[in-house]
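Trainee: Top to bottom, those sequences are chains A and B. Just so you know, the first sequence maps onto residues 64 to 325 in this note's numbering. Just so you know, the second sequence maps onto residues 4 to 167 in this note's numbering.
Think of the hints as simulated: they come from the structure by calculation, not from any bench. Hints should not be assumed to be uniformly reliable.
Per label pair, the in silico range of CB-to-CB distance [what the hints assert, rightly or not]:
1) A:D301 / B:D20: 19 to 25 Å
2) B:Y145 / A:N151: 27 to 33 Å
3) A:N151 / B:I162: 28 to 34 Å
4) B:E13 / A:D125: 30 to 36 Å
5) A:N151 / B:E13: 30 to 36 Å
6) B:E13 / A:A283: 58 to 64 Å
7) A:T281 / B:E161: 54 to 60 Å
8) A:S316 / B:L90: 23 to 29 Å
9) B:T36 / A:A292: 35 to 41 Å
10) B:T127 / A:G264: 55 to 61 Å
11) A:S203 / B:E123: 41 to 47 Å
12) A:D196 / B:E163: 46 to 52 Å
13) B:D167 / A:S203: 35 to 41 Å
14) A:V66 / B:Q86: 29 to 35 Å
Below are the DMTMM-like pairs computed for lysine to aspartate or glutamate, each with C-alpha atoms no more than 25 Å apart in a straight line [what the hints assert, rightly or not]:
15) A:K248 / A:E278
16) A:K248 / B:D167
17) A:K116 / B:D20
18) A:K246 / B:D136
19) A:K246 / B:E129
20) A:K213 / A:E69
21) B:K18 / B:D121
22) A:K116 / B:D59
23) A:K213 / A:E110
24) A:K248 / B:E149
25) A:K116 / B:D74
26) A:K248 / B:E47
27) A:K208 / A:E183
28) A:K213 / A:E143
29) A:K267 / A:D227
30) B:K18 / B:E99
31) A:K248 / A:D291
32) A:K248 / B:D133
33) A:K116 / A:D87
34) A:K213 / A:E152
35) A:K116 / B:E47
36) A:K248 / B:D20
37) A:K116 / B:E149
38) A:K116 / A:D227
39) A:K116 / A:D86
40) A:K246 / B:D133
Note that CB positions come from ideal geometry on N, CA and C, so glycine has one too.
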Amino acid sequence: MPVLPEVRHVRAFTLDEALSLIDDDVVPYAGATELVPAMRLGVRRPEAIVDLKRINELGGVDLDMATNAVRLGAAITHREMADNSVVNEFLPSLAAAAAHVGNVRVRNSGTLGGNLSFAEPRSDLSVVLSALDATVEIASAGGQKTIPMKDLILGAFETCLSPDELLIAVTVPFEPVGMSYWKLKSYERPTVGIASLPVEGGWKIVVGAATERPEQTTIATNDLDAVDAFVNSLDISDDLSGTPDYKRSILRSRISRIVALP
Amino acid sequence: MSTPVNIAFELNGRKIDACVSARTTVVELLRDTFRLTGTKVSCELQVCGVCTVLVDSLAVSACSMLACDLDGTSLTTIEGVMQGTELHPIQEAFIETNAFQCGFCTPGFVMMTLALLDREPNPTVETTRDWLDGNICRCTGYQPIERAVQVASRRLAEIESDSD
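The shape of chain A in the complex, shown without the other chains (with noise of 0.2 Å):
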């Protein structure tokens, strides 16, 4: 018996023609390392599927000198943004992290756009993008716009993302000096994931995977008190991988160390 429902095929050769299919039960995949999974568990029932492995447009790795900033392509896998030499030579974080996603098996075939649609709260790769403000191109038959990498996740498995609006690109300023990623995972996905990176007088601090989505704050350095303020104001999931209190206190030590830093 198969363990999929039934579902019409498309192969997509350009964004344009793809654009033209995808709405609310014409879903589009590259990688469908989230996708055939969810539609298994019925979680995702479309009408159809658009392949969208075969468009050069969502390929790629662009380095703009001019601007100082990385342009990567939605269908690009976590391999290679972890093998990539410019993501490794101006993204450090962004390509170990890359590097650490899931298991092999799953770098090979999932992608960085299709990592972000699924919007999986446990997810390293907006909790790095999100510290780096990086930008992300959304395009829909009607046309192209470009926002904030922190206004695209609304919450567990929720983006800003509307069926007939694709995930086309991310744009990442390059990495600051000083900036690190640093996760504990148990289990194929982060417990909790904090990005870091050094501003005026302080640090950014980035907190995913305990939360529903990518949680942000400036910390003064040693200023403890703002740790346990923000610590305090996460909604923590409570799941498998350990109670709120568990994941606070993970949090507190790790990002009080963090900012004790010079």
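Start from chain A and add chain B according to the hints.
Mentor: The following block gives chain B in isolation, referenced to the frame of chain A:
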């Protein structure tokens, strides 16, 4: 009705033309159509690794890949690993080090080891663990599998230097 999709791909070195239903997964095509049952199915979430196959030399989960996406690729399964009637050095190494007991996870581990040694012919224990992190074995406790990878790595290096 699911769309019938014509695909052309290579399966263990043989050219295949097939018409598959859009909802057929790679592991269903392998096991149900081609009767290649060496590739196993378990978690169906890309977590356990028993369905690991190589598509264009990259390890993927056959449970979560659509068969129609095989078009234009080269697919290697555990059945394609033997060299004629000889076991592959990785398979020999698994036997020598007792790197399996029930054997259900073994095809997946062999395929992942093949991908690992293709990319990193001489991996450290840390690299090995990193690569095998997504393959689950409930019998061995993993240490014999790590030894198998080391033994296979040495054996392949010897074969390489003999052929020079």
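Trainee: None of the hints should be skipped; say for each whether it holds.
Mentor: Now for the hints, and whether the structure bears them out:
1. A:D301 / B:D20: 19 to 25 Å: violated, 51 Å
2. B:Y145 / A:N151: 27 to 33 Å: holds, 30 Å
3. A:N151 / B:I162: 28 to 34 Å: holds, 32 Å
4. B:E13 / A:D125: 30 to 36 Å: holds, 32 Å
5. A:N151 / B:E13: 30 to 36 Å: Distance hint for N151 of chain A, E13 of chain B holds at roughly 32 Å.
6. B:E13 / A:A283: 58 to 64 Å: Once the Cβ atoms are compared, 60 Å apart, the range 58 to 64 Å for A283 of chain A and E13 of chain B holds.
7. A:T281 / B:E161: 54 to 60 Å: For T281 of chain A and E161 of chain B the Cβ distance comes to about 57 Å; the hint holds.
8. A:S316 / B:L90: 23 to 29 Å: Between S316 of chain A and L90 of chain B, where Cβ atoms are some 50 Å apart, the hint is violated.
9. B:T36 / A:A292: 35 to 41 Å: For A292 of chain A against T36 of chain B, whose Cβ atoms are near 60 Å apart, the range 35 to 41 Å is violated.
10. B:T127 / A:G264: 55 to 61 Å: violated, 41 Å
11. A:S203 / B:E123: 41 to 47 Å: With Cβ atoms ~43 Å apart, the hint holds.
12. A:D196 / B:E163: 46 to 52 Å: holds, 47 Å
13. B:D167 / A:S203: 35 to 41 Å: Cβ of D167 of chain B to Cβ of S203 of chain A: about 57 Å, so the range 35 to 41 Å is violated.
14. A:V66 / B:Q86: 29 to 35 Å: Holds, at about 33 Å.
15. A:K248 / A:E278: holds, 19 Å
16. A:K248 / B:D167: violated, 43 Å
17. A:K116 / B:D20: The hint holds at about 20 Å.
18. A:K246 / B:D136: Status holds; Cα separation ~16 Å.
19. A:K246 / B:E129: holds, 18 Å
20. A:K213 / A:E69: Between K213 of chain A and E69 of chain A the Cα gap is close to 36 Å, so the pair fails against 25 Å, i.e. violated.
21. B:K18 / B:D121: holds, 23 Å
22. A:K116 / B:D59: Answer holds: K116 of chain A to D59 of chain B is near 15 Å, not above 25 Å.
23. A:K213 / A:E110: violated, 31 Å
24. A:K248 / B:E149: This hinted pair holds, its Cα atoms lying about 21 Å apart.
25. A:K116 / B:D74: Given pair K116 of chain A, D74 of chain B holds - Cα atoms ~12 Å apart, limit 25 Å.
26. A:K248 / B:E47: holds, 21 Å
27. A:K208 / A:E183: Roughly 23 Å between the alpha carbons, so the hint for K208 of chain A and E183 of chain A holds.
28. A:K213 / A:E143: holds, 24 Å
29. A:K267 / A:D227: Not OK: K267 of chain A and D227 of chain A at ~34 Å, beyond 25 Å, violated.
30. B:K18 / B:E99: Violated - the C-alpha atoms of E99 of chain B and K18 of chain B are around 34 Å apart, more than 25 Å.
31. A:K248 / A:D291: holds, 23 Å
32. A:K248 / B:D133: With a Cα-Cα distance of about 13 Å, the restraint between K248 of chain A and D133 of chain B holds, given a limit of 25 Å.
33. A:K116 / A:D87: holds, 20 Å
34. A:K213 / A:E152: holds, 24 Å
35. A:K116 / B:E47: Roughly 22 Å separates the two Cα atoms, so the pair holds.
36. A:K248 / B:D20: This hinted pair is violated, its Cα atoms lying about 42 Å apart.
37. A:K116 / B:E149: violated, 35 Å
38. A:K116 / A:D227: This hinted pair holds, its Cα atoms lying about 18 Å apart.
39. A:K116 / A:D86: holds, 18 Å
40. A:K246 / B:D133: holds, 15 Å
In summary, the numbered hints that this structure violates are 1, 8, 9, 10, 13, 16, 20, 23, 29, 30, 36 and 37.
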